[in-house]
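K.L.:
Each chain is listed here by its residues.
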Amino acid sequence: MIKTTFSAFLFLLTFTAAATAQTAYVTNEKDDTLSVIDLTKMEVITTIEVGQRPRGVYLSPDNKTLYLCASDDDTIQEIDVETLKVRHELPSGANPETFAISADGKRIYTSNESDNVVTVIDLENRKLAGQIDVGVEPEGMAVSPDGKIVINTSETTNMAHWIDSDSLEIFDNSLVDQRPRHAEFDSEGKQLWVSAEIGGTVSVFDVKNRQEIAKIPFAIKGIHKDRVQPVGIRLSKNGRYAFIALGPANHIAVVDAKTFEVTKYILVGRRVWHMAFTPDQKKLLTTNGVSGDVTVIDVDDLKAVKSIKVGRFPWGVAIRP
Amino acid sequence: MKTGNWDINVGRFFPIVLCLWTAILCLSAGRPLEAATLVPIDVEIIFLSQKVDLPPALSNIDSVPDDAGLMGARIAIGDNNTTGRFLKHKYSLIEETLAADANVAEAFARLASEGGKVFILDLPASSLDIVRNHAKAGQSLLFNTRATDDRFRSKDCHDFLLHTIPSRAMRTDSLAQYLITKRWKDWLLIVGSRPEDELFAQAIRKSAKKFGADIIKEKKWTGEHDARRTAQTEVPLFTQGIDYDVLMVADEIGDFGDYLMYRTWTPRLVAGTQGLVAKAWGRPIEQWGAAQLQERFLKESNRWMLSRDYAAWAAVRTIGEAVTRTKSGSTEEIRKFIASDKFQLAAFKGRKLSFRTWNGQLRMPVAVMSARSVVAQPPLKGYLHQRTELDTLGLDKPESSCGK
Numbered sequence: 001m002i003k004t005t006f007s008a009f010l011f012l013l014t015f016t017a018a019a020t021a022q023t024a025y026v027t028n029e030k031d032d033t034l035s036v037i038d039l040t041k042m043e044v045i046t047t048i049e050v051g052q053r054p055r056g057v058y059l060s061p062d063n064k065t066l067y068l069c070a071s072d073d074d075t076i077q078e079i080d081v082e083t084l085k086v087r088h089e090l091p092s093g094a095n096p097e098t099f100a101i102s103a104d105g106k107r108i109y110t111s112n113e114s115d116n117v118v119t120v121i122d123l124e125n126r127k128l129a130g131q132i133d134v135g136v137e138p139e140g141m142a143v144s145p146d147g148k149i150v151i152n153t154s155e156t157t158n159m160a161h162w163i164d165s166d167s168l169e170i171f172d173n174s175l176v177d178q179r180p181r182h183a184e185f186d187s188e189g190k191q192l193w194v195s196a197e198i199g200g201t202v203s204v205f206d207v208k209n210r211q212e213i214a215k216i217p218f219a220i221k222g223i224h225k226d227r228v229q230p231v232g233i234r235l236s237k238n239g240r241y242a243f244i245a246l247g248p249a250n251h252i253a254v255v256d257a258k259t260f261e262v263t264k265y266i267l268v269g270r271r272v273w274h275m276a277f278t279p280d281q282k283k284l285l286t287t288n289g290v291s292g293d294v295t296v297i298d299v300d301d302l303k304a305v306k307s308i309k310v311g312r313f314p315w316g317v318a319i320r321p
Numbered sequence: 001m002k003t004g005n006w007d008i009n010v011g012r013f014f015p016i017v018l019c020l021w022t023a024i025l026c027l028s029a030g031r032p033l034e035a036a037t038l039v040p041i042d043v044e045i046i047f048l049s050q051k052v053d054l055p056p057a058l059s060n061i062d063s064v065p066d067d068a069g070l071m072g073a074r075i076a077i078g079d080n081n082t083t084g085r086f087l088k089h090k091y092s093l094i095e096e097t098l099a100a101d102a103n104v105a106e107a108f109a110r111l112a113s114e115g116g117k118v119f120i121l122d123l124p125a126s127s128l129d130i131v132r133n134h135a136k137a138g139q140s141l142l143f144n145t146r147a148t149d150d151r152f153r154s155k156d157c158h159d160f161l162l163h164t165i166p167s168r169a170m171r172t173d174s175l176a177q178y179l180i181t182k183r184w185k186d187w188l189l190i191v192g193s194r195p196e197d198e199l200f201a202q203a204i205r206k207s208a209k210k211f212g213a214d215i216i217k218e219k220k221w222t223g224e225h226d227a228r229r230t231a232q233t234e235v236p237l238f239t240q241g242i243d244y245d246v247l248m249v250a251d252e253i254g255d256f257g258d259y260l261m262y263r264t265w266t267p268r269l270v271a272g273t274q275g276l277v278a279k280a281w282g283r284p285i286e287q288w289g290a291a292q293l294q295e296r297f298l299k300e301s302n303r304w305m306l307s308r309d310y311a312a313w314a315a316v317r318t319i320g321e322a323v324t325r326t327k328s329g330s331t332e333e334i335r336k337f338i339a340s341d342k343f344q345l346a347a348f349k350g351r352k353l354s355f356r357t358w359n360g361q362l363r364m365p366v367a368v369m370s371a372r373s374v375v376a377q378p379p380l381k382g383y384l385h386q387r388t389e390l391d392t393l394g395l396d397k398p399e400s401s402c403g404k
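Quick mapping for you: the protein sequence lines, in order, are chains A and B. Quick note on numbering: my numbering labels position 18 of the first sequence as 18, and the sequence is numbered without any gaps. Quick note on numbering: my numbering labels position 90 of the second sequence as 90, and the sequence is numbered without any gaps.
Next up, chain A with everything else stripped away, as it sits in the complex (with noise of 0.2 Å):
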């Protein structure tokens, strides 16, 4: 506790010092921690104590609040960003593995791994709002950026769902292949991005009829096709790029994101599943989880330049300006 406080008062002064620097926030699943990176520095300023099993993490859209799932402690937990103390504990459902949050800020859609249901929480009165039957073992969250549609993928019935945000209701349902991990809209709302772990291969939809429009694989010289695991999907806000994490593949493939095809792998550290960039989109974060850092890519020139050690099993990066 007092090694908490203290971190959190030396956090302080470095931020109160630095007001301008972008900071990362990344989980660490096997640590029950935060780490807090300051992006001018390139180097972790503090860990936190969270709660046990941190998954999923985002930022609300002000920047002013962090989410993350605290899995084995059936709760989302709202973190001050400025003290970097929990202020609340959300009803979430049990074992929320990650969530979206709706662009006007108001609601979370998580999803609850053991209980095949998403959980919603409307966010201004910190109350369950409902929950919607989907496949097995659902995971991936995305919300479209008008917030009318939900996407929940679940990892066992290798769906992607379609529901509708009013009557949170299932409108309709993807196949795509085996187990899916995670779900991504374009900025404009127009496509959607699937991942399927272990099938191997990332399913883009349109949106307005639902049909897959392409289906990328990965092959990477040197590594088994059944290495390459696609996990986490960042698309650029220029619509220029994909990125995918390929999981034990250890790489982080850049897809061209109007032909589908694959321009360049990436390598970055062991066991990649997560992404998030820097707000004006010059770096791409990556969770490296076997081995326990944060890759740092440069956008522009598509190069990884740093990595960065943190906790034990990174699993999610948020990033705030």
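Read the hints as simulated data drawn from the structure, not as lab findings. Ideal Cβ positions, reconstructed from N, Cα and C, are used throughout, including at glycine. Any given hint could turn out to be false.
[Stated by the list, open to error] No farther apart than 25 Å at their CA atoms in a straight line, the calculated lysine to any residue pairs in the SDA-like style are these: (1) Lys279(B) / Arg227(A); (2) Lys381(B) / Phe218(A); (3) Lys88(B) / Asp164(A); (4) Lys30(A) / Ala290(B); (5) Lys303(A) / Gly239(A).
[Said to hold, decoys possible] Just the calculated beta-carbon pair ranges, DEER-fashion: (6) Trp304(B) / Ser307(A): 35 to 43 Å; (7) Tyr262(B) / Glu261(A): 29 to 37 Å; (8) Asp62(B) / Phe260(A): 47 to 55 Å; (9) Asp104(A) / Gln287(B): 36 to 44 Å; (10) Glu261(A) / Arg372(B): 44 to 52 Å; (11) Asp341(B) / Asp300(A): 37 to 45 Å.
[To be verified] Every beta carbon over 10 Å from chain B, so not counted as near; a handful from chain A, in silico: (12) Val81; (13) Lys85; (14) Gln178; (15) Arg240; (16) Asp280; (17) Val299; (18) Arg320.
Since the structure of chain A is already known, use the hints to place chain B on it.
P.N.:
Just chain B now, kept in the frame of chain A:
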């Protein structure tokens, strides 16, 4: 004896679609966006199990649960139905457990005449033989989820018999890969007195030859004493004067193997059926999302998931996956899809699983485990195969007369 290539269509097939309503009925009106037309499919799966009379084993700390295998099938039915809900596919399990002395041929004939097409066979080898000889080619789809005998994968085949339980050869190959990687190459083989022990010993001998281990000496454990009481005096003498790296034990029912550990003359490891083991599934497996399956299983069954449960789970999920992808309930369509290169099953082993076309065996990594940790998950790095390194475990195509 029937042999044949199960991936070549040689028979007639009957649909297992029990109901086909018009598509219009499936759609509920009034939603903002409407699902595509879905045709309802009902899939009936028969779980046929049999009790076995086992002699009392000296190690009696773990008894075999009555619902071994069955709980795996039930959980997979639940998984299939959760998925099926979105597609109007419904799965049901007909459960039948035969007594040890039951007439298996009669039971199978009755179930088949009642319309049974897809069978999960949780049967001992002798009963699997009976079913194999009575099943008519093309009429049914059979999944062996219990018998590990290599002969069902090498010569005693059936066109429509698939195996989701790893064979003895797959298990001993997996152990051998690990032990050779560690350079623990000299083995002392101790074999129990039951016929299954000899089959496991045969698999060990074959794996030793395949991967380059030496069986320095072989000894028979006759089991004249209660090892629980006398192991401390018997085992040191039994293992004295032999220079080896690993004591390999073949004791399938767990009669004495557990008492070899820590009692050998020299400080040596025990592997095989006890000590370091290689199995389809076990309590320490938690990687690749397996923790989720373990948790679900424990919650439903109040016990840990066994290899037999895993095999039954994988079989029922295989059917579910085939029905989901083909949107068909016909046995022929299911079988064709399972045999095609389009079939892939995510089954908590870190890579997709598929069936060997020549003998119907589900290829899979086989974890090498101690009681509380996964030590390795062969196929290990460096063991290469022209098709897939998963085929370094178990009987490869040239070693099997099935499908020829």
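K.L.:
Decide, hint by hint, whether the structure agrees.
P.N.:
Hint check results:
no.: 1; hint: Lys279(B) / Arg227(A); in the structure: 22 Å, holds
no.: 2; hint: Lys381(B) / Phe218(A); in the structure: 21 Å, holds
no.: 3; hint: Lys88(B) / Asp164(A); in the structure: 20 Å, holds
no.: 4; hint: Lys30(A) / Ala290(B); in the structure: 16 Å, holds
no.: 5; hint: Lys303(A) / Gly239(A); in the structure: 19 Å, holds
no.: 6; hint: Trp304(B) / Ser307(A): 35 to 43 Å; in the structure: 39 Å, holds
no.: 7; hint: Tyr262(B) / Glu261(A): 29 to 37 Å; in the structure: 59 Å, violated
no.: 8; hint: Asp62(B) / Phe260(A): 47 to 55 Å; in the structure: 52 Å, holds
no.: 9; hint: Asp104(A) / Gln287(B): 36 to 44 Å; in the structure: 38 Å, holds
no.: 10; hint: Glu261(A) / Arg372(B): 44 to 52 Å; in the structure: 46 Å, holds
no.: 11; hint: Asp341(B) / Asp300(A): 37 to 45 Å; in the structure: 40 Å, holds
no.: 12; hint: Val81; in the structure: 31 Å, holds
no.: 13; hint: Lys85; in the structure: 30 Å, holds
no.: 14; hint: Gln178; in the structure: 4 Å, violated
no.: 15; hint: Arg240; in the structure: 30 Å, holds
no.: 16; hint: Asp280; in the structure: 35 Å, holds
no.: 17; hint: Val299; in the structure: 30 Å, holds
no.: 18; hint: Arg320; in the structure: 30 Å, holds
Checked against the numbered hints above, the structure violates hints 7 and 14; every other hint is satisfied.
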